[in-house]
Amino acid sequence: MKNFHVAIIGGGVIGSAIAWELSKYKLNVIVFEMGGDVASATSKANSGVIHSGINSPYGSLKARFCVEGNKMFQSFSEKLGFPVKWVGKYVIAKNKDETKELERLKKVGIKNGVAGLEIIDGFEVKNKEPNVSCLEALWVPTAGITLPYEMTIALAENAVINGVNFSLETRVINLKKENDSFSIETNKGTFRNDLLINAAGVNCRDIVSMIEEPEFNVYPCRGEYLVLDKNYHNLINAMIYPVPPKKQGVLGVHVTPTIEGNLLLGPSAEFIDDLADKRTTKKMMKTLMKEAKVILPNLPDNAVINAYSGIRCKLASLEDGGWADFRVEESKQTPAMINLLGIESPGLTAAPAIAKEVAKMISKHIKLETKNNFKTWKFREKRFQEMTQKEQSKMIEKDERWGRIVCRCEHVTEAEVIEALSNSLGAKTLSSVRYRCRAGMGRCKGGFCTQHIVRIMENQFNMDVNDIKLNSPFSNLFHGRTREVEDD
Amino acid sequence: MINRQVDVAVIGGGPAGLSAAISAKEHGANSVVILDRNSWPGGILPQCIHDGFGVEETGESMTGPEYATKYIEMAKQENVEIMIQTMVLQFDEKQNIIAVNKNGIHTIKAKAIVLAMGCREKTRWHAMIPGDRLSGIFTAGVAQSFINLYNIMPGKNVVILGSGDVGLIMARRLRFEGANVLGVVEILPYASGLPRNVVQCLKDYDIPLFFNHTVTSIAGRERLERVKIAQVDENMVPISETEQELKCDTLLLSLGLIPENELSKNANIEIDEITGGPVVDQNFETNLGGVFACGNCLQVYDTVDMLSLDAKRVGKNAAKYTDDQKQKENGIRLLSGEGVRYVVPQRINEYGKMQLTLRADKPKDVSTLYVLFGAKEILKKRLPWVNPAIMIKIDVDISSKVLESGQSLEVKIK
Ligand SMILES: Cc1cc2nc3c(=O)[nH]c(=O)nc-3n(C[C@H](O)[C@H](O)[C@H](O)COP(=O)(O)OP(=O)(O)OC[C@H]3O[C@@H](n4cnc5c(N)ncnc54)[C@H](O)[C@@H]3O)c2cc1C
Ligand SMILES: Cc1cc2nc3c(=O)[nH]c(=O)nc-3n(C[C@H](O)[C@H](O)[C@H](O)COP(=O)(O)OP(=O)(O)OC[C@H]3O[C@@H](n4cnc5c(N)ncnc54)[C@H](O)[C@@H]3O)c2cc1C
Numbered sequence: 488m489k490n491f492h493v494a495i496i497g498g499g500v501i502g503s504a505i506a507w508e509l510s511k512y513k514l515n516v517i518v519f520e521m522g523g524d525v526a527s528a529t530s531k532a533n534s535g536v537i538h539s540g541i542n543s544p545y546g547s548l549k550a551r552f553c554v555e556g557n558k559m560f561q562s563f564s565e566k567l568g569f570p571v572k573w574v575g576k577y578v579i580a581k582n583k584d585e586t587k588e589l590e591r592l593k594k595v596g597i598k599n600g601v602a603g604l605e606i607i608d609g610f611e612v613k614n615k616e617p618n619v620s621c622l623e624a625l626w627v628p629t630a631g632i633t634l635p636y637e638m639t640i641a642l643a644e645n646a647v648i649n650g651v652n653f654s655l656e657t658r659v660i661n662l663k664k665e666n667d668s669f670s671i672e673t674n675k676g677t678f679r680n681d682l683l684i685n686a687a688g689v690n691c692r693d694i695v696s697m698i699e700e701p702e703f704n705v706y707p708c709r710g711e712y713l714v715l716d717k718n719y720h721n722l723i724n725a726m727i728y729p730v731p732p733k734k735q736g737v738l739g740v741h742v743t744p745t746i747e748g749n750l751l752l753g754p755s756a757e758f759i760d761d762l763a764d765k766r767t768t769k770k771m772m773k774t775l776m777k778e779a780k781v782i783l784p785n786l787p788d789n790a791v792i793n794a795y796s797g798i799r800c801k802l803a804s805l806e807d808g809g810w811a812d813f814r815v816e817e818s819k820q821t822p823a824m825i826n827l828l829g830i831e832s833p834g835l836t837a838a839p840a841i842a843k844e845v846a847k848m849i850s851k852h853i854k855l856e857t858k859n860n861f862k863t864w865k866f867r868e869k870r871f872q873e874m875t876q877k878e879q880s881k882m883i884e885k886d887e888r889w890g891r892i893v894c895r896c897e898h899v900t901e902a903e904v905i906e907a908l909s910n911s912l913g914a915k916t917l918s919s920v921r922y923r924c925r926a927g928m929g930r931c932k933g934g935f936c937t938q939h940i941v942r943i944m945e946n947q948f949n950m951d952v953n954d955i956k957l958n959s960p961f962s963n964l965f966h967g968r969t970r971e972v973e974d975d
Numbered sequence: 004m005i006n007r008q009v010d011v012a013v014i015g016g017g018p019a020g021l022s023a024a025i026s027a028k029e030h031g032a033n034s035v036v037i038l039d040r041n042s043w044p045g046g047i048l049p050q051c052i053h054d055g056f057g058v059e060e061t062g063e064s065m066t067g068p069e070y071a072t073k074y075i076e077m078a079k080q081e082n083v084e085i086m087i088q089t090m091v092l093q094f095d096e097k098q099n100i101i102a103v104n105k106n107g108i109h110t111i112k113a114k115a116i117v118l119a120m121g122c123r124e125k126t127r128w129h130a131m132i133p134g135d136r137l138s139g140i141f142t143a144g145v146a147q148s149f150i151n152l153y154n155i156m157p158g159k160n161v162v163i164l165g166s167g168d169v170g171l172i173m174a175r176r177l178r179f180e181g182a183n184v185l186g187v188v189e190i191l192p193y194a195s196g197l198p199r200n201v202v203q204c205l206k207d208y209d210i211p212l213f214f215n216h217t218v219t220s221i222a223g224r225e226r227l228e229r230v231k232i233a234q235v236d237e238n239m240v241p242i243s244e245t246e247q248e249l250k251c252d253t254l255l256l257s258l259g260l261i262p263e264n265e266l267s268k269n270a271n272i273e274i275d276e277i278t279g280g281p282v283v284d285q286n287f288e289t290n291l292g293g294v295f296a297c298g299n300c301l302q303v304y305d306t307v308d309m310l311s312l313d314a315k316r317v318g319k320n321a322a323k324y325t326d327d328q329k330q331k332e333n334g335i336r337l338l339s340g341e342g343v344r345y346v347v348p349q350r351i352n353e354y355g356k357m358q359l360t361l362r363a364d365k366p367k368d369v370s371t372l373y374v375l376f377g378a379k380e381i382l383k384k385r386l387p388w389v390n391p392a393i394m395i396k397i398d399v400d401i402s403s404k405v406l407e408s409g410q411s412l413e414v415k416i417k
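Order-wise, the sequence lines are chains B and H.
In terms of the numbering used here, the first sequence is residues 488 to 975.
In terms of the numbering used here, the second sequence is residues 4 to 417.
Hints were generated in silico from the structure; no laboratory data involved.
Treat the hints with care, since some could be wrong.
Said to hold, decoys possible - The list that follows gives simulated cross-link-like pairs (lysine-lysine, DSS-like), each with its CA atoms no further than 30 Å apart: (1) B:Lys717 / H:Lys250; (2) B:Lys877 / H:Lys105; (3) H:Lys97 / B:Lys717; (4) B:Lys877 / H:Lys268; (5) H:Lys159 / H:Lys231; (6) B:Lys717 / H:Lys112; (7) H:Lys231 / B:Lys777; (8) H:Lys268 / B:Lys777; (9) B:Lys881 / H:Lys114; (10) H:Lys97 / B:Lys877; (11) B:Lys773 / H:Lys268; (12) H:Lys105 / B:Lys885; (13) H:Lys159 / B:Lys885; (14) B:Lys770 / H:Lys231; (15) B:Lys770 / H:Lys125; (16) B:Lys881 / H:Lys105; (17) H:Lys231 / B:Lys773; (18) H:Lys159 / B:Lys915; (19) B:Lys915 / H:Lys105; (20) B:Lys915 / H:Lys125; (21) H:Lys125 / B:Lys615; (22) B:Lys881 / H:Lys97; (23) H:Lys114 / B:Lys877; (24) B:Lys780 / H:Lys268; (25) B:Lys770 / H:Lys97; (26) B:Lys717 / H:Lys105; (27) B:Lys780 / B:Lys583; (28) H:Lys105 / B:Lys865; (29) H:Lys250 / B:Lys769; (30) H:Lys365 / B:Lys769.
Quantities reported herein were computed from a predicted structural model and do not represent experimental measurements.
Hey, can you work out the whole structure from these sequences and the hints?
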């Protein structure tokens, strides 16, 4: 049995941000993640929006952490090497009733400390966004976009470099508190630690119930998305949001540009029974297209290259309006267990601020001493595709693997795939390659590169074909060999 | 940066590129180079290990690799230079190509360019198939390459969606490798692959073919566990009472091919929305003078034979262009009318005899094909039957008067 000061359950953006924050101190930290990589749940399946803080009521934790988190993104991005773009957003009003809502949002925003909010008329919006028609819009300049999975990976890989242990494919099955420490039972053995952090996302209640009777409920609410081909990125410059629907505590179907130049349509909002039910549905695919066309009539019908969904961890039911605040607190019944409950939107934005808060809570139990060898490492420098021809030539001169294109759609090179597979977390699935270097994320969805990546996994990482997985522990891609290959 | 100049640069070294390059050489081009991103020339053929290639062209039935080898040998004899593992990143209207390989970034200035990039397969999202995102879903071509090139089995219990040729051939191939093929599901009332493949790959092996059916959902936690299929009504909407579940670990998609034209689009080449390939004239020249298109990136051909024959003409035209870089008039349009899905070429700017290739929009019995100039029939031909899976070739003679009128021509099947 190994001993740790702090154990974090969940390698989403929240768990990873906390791990990175704690890696600055002389602590023994471990993160348990049941997926084959970090960011394997909600943290990879959201809108990727760095929210401004106009949507949460004044005084709430959501408002506070969102505004604080938003301000930390630029420096996080520069330090850790994941991208952000401050594209801004328009909340558009189609009629007089909706324009009142814009006024209200603006007021709340100002109170929450959001800068630069401005209500502008439809004519001006048209100048900036020729494909958008509205009566008025609220312009939110501090809203931005990021790649949520790259952010999570960057945080986690940096934490590893600074000594945090990540145990992937490790599911926490049971918890016990014995004297002053926790005993954590997992499929990879039992661990012991002093402080426990429950960052299990939509599974947060399951974790609590392993040790005490939870006094709250989780109401999973699925959000589906459609991803459009890059050919249509010119349709908008900023994010386009409708005025939030009155019920459900969500923001409504919006159109968001992504860092990589695709467009996202979504998310839908549907309360479901099974919190692991991440399917996409025909019905919602149609609804999303219909609703997105209300705000962007020129959307093409057959430009979808992907669909996905994420599950919101809601602490309030549909009947109760769907809105509840984040809960970032130490359990009263089980001291030294810190629970992060109901971390739905804007959880991604809030993550850096939540991590700081959790470190503060931990400091009440353990004295936090800063390490003097703490270092930050950029998750990624420029991609081949982003380089000038001169830079490309230079890289190839140094290492010819930069001259072998593995992914035809995104122009990812063999060198980049190998670097992705050599990550410090030890994640070696097809998805872990995709999310690190984008091979297989383009329009052909891996038609060309999958075979090359599999060859690299076999030849350069000595992986057995039967151990090659899409993402999670039982997502094997293959069924053995047709026949043994002979060496010749 | 590595700079060089050539007469003809061919992008893509599949059968189309090989055949165009050989023919360009035969017709007087001094230097011809093929650029291909794969580790081998031959395009998609090395993974097509079944036979039937070359029958129409030479009367001899070959496997894909044999067919490719024949062309590769000819290319060598003609001193065509083949650069493998070389990906073209872009080209422009001045025929400058930028390509990358392990030696660096290459800038190639060509007098004429032949586009022969082939095609890619449609994915799950073209058919907007909802459900879980899990492993076990492959396009048929990807599965084919894993089995035939890498000896890797994609799965054991397989359902195939779409009756394209690659899917039909894979049904048989998987059966040979001991997999259980539960059936091929096709939304249309007829197969989209060749009739001979339906017989030789499904019927002969008792593999069920579900017409008017589609996959309505995909389910499983991590690896595929089951799919639901249902019959569709005349509007292609699934009829829920007919839904049935098939337990399977693998779903192959054979939903059709998309000509690979990202490079062409970036160079502002006009694309035909129906074929997905460039709009060309009777010489297969695109709207960019000196840039020609052939093979599956022009239009998806039924067989390699017909494709190679057309590509030869393209190579010849490209060689001619290197001598005489004449700017051509826009010419007149050739439109697809009733009963016709598409016709290639889409433009005509020279009078004389030429070949048209076209497809019907649905299967029919005895019909008549017309080429119309206003109300006037330039050509009328009786067809015993038509099938969208089988390309129609016809020769027409376009007079100078028709050309000079500036009016469009229309092709119809009634
Ligand atoms: C549709 C949608 C859109 C959103 N859009 C935005 C947005 O635009 N901007 C924004 O700021 N926020 C957005 N959010 C919110 C944001 O995505 C989440 O708040 C954030 O990702 C939550 O991170 P997490 O780490 O708490 O959860 P997760 O990413 O779900 O991580 C929890 C992890 O715990 C692991 N785990 C669970 N149980 C166990 C166990 N027993 N043992 C081991 N591991 C376990 C899981 O595998 C998972 O990886 C959106 C959310 C949704 C659903
Ligand atoms: C999966 C599959 C299975 C098939 N099976 C059969 C069959 O059984 N029988 C039959 O008759 N026909 C079959 N066909 C069709 C037949 O193979 C094609 O008609 C033929 O291969 C097309 O020839 P092509 O030269 O146009 O394209 P391809 O053979 O696809 O060759 C195109 C080449 O261009 C290269 N290329 C593309 N873009 C670039 C770039 N930017 N830079 C460098 N190189 C590039 C590609 O790597 C490829 O090598 C199949 C097609 C597919 C896709």
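Violations among the numbered hints, reported as their numbers in ascending order: Of the numbered hints, 1, 13, 21 and 25 do not hold.
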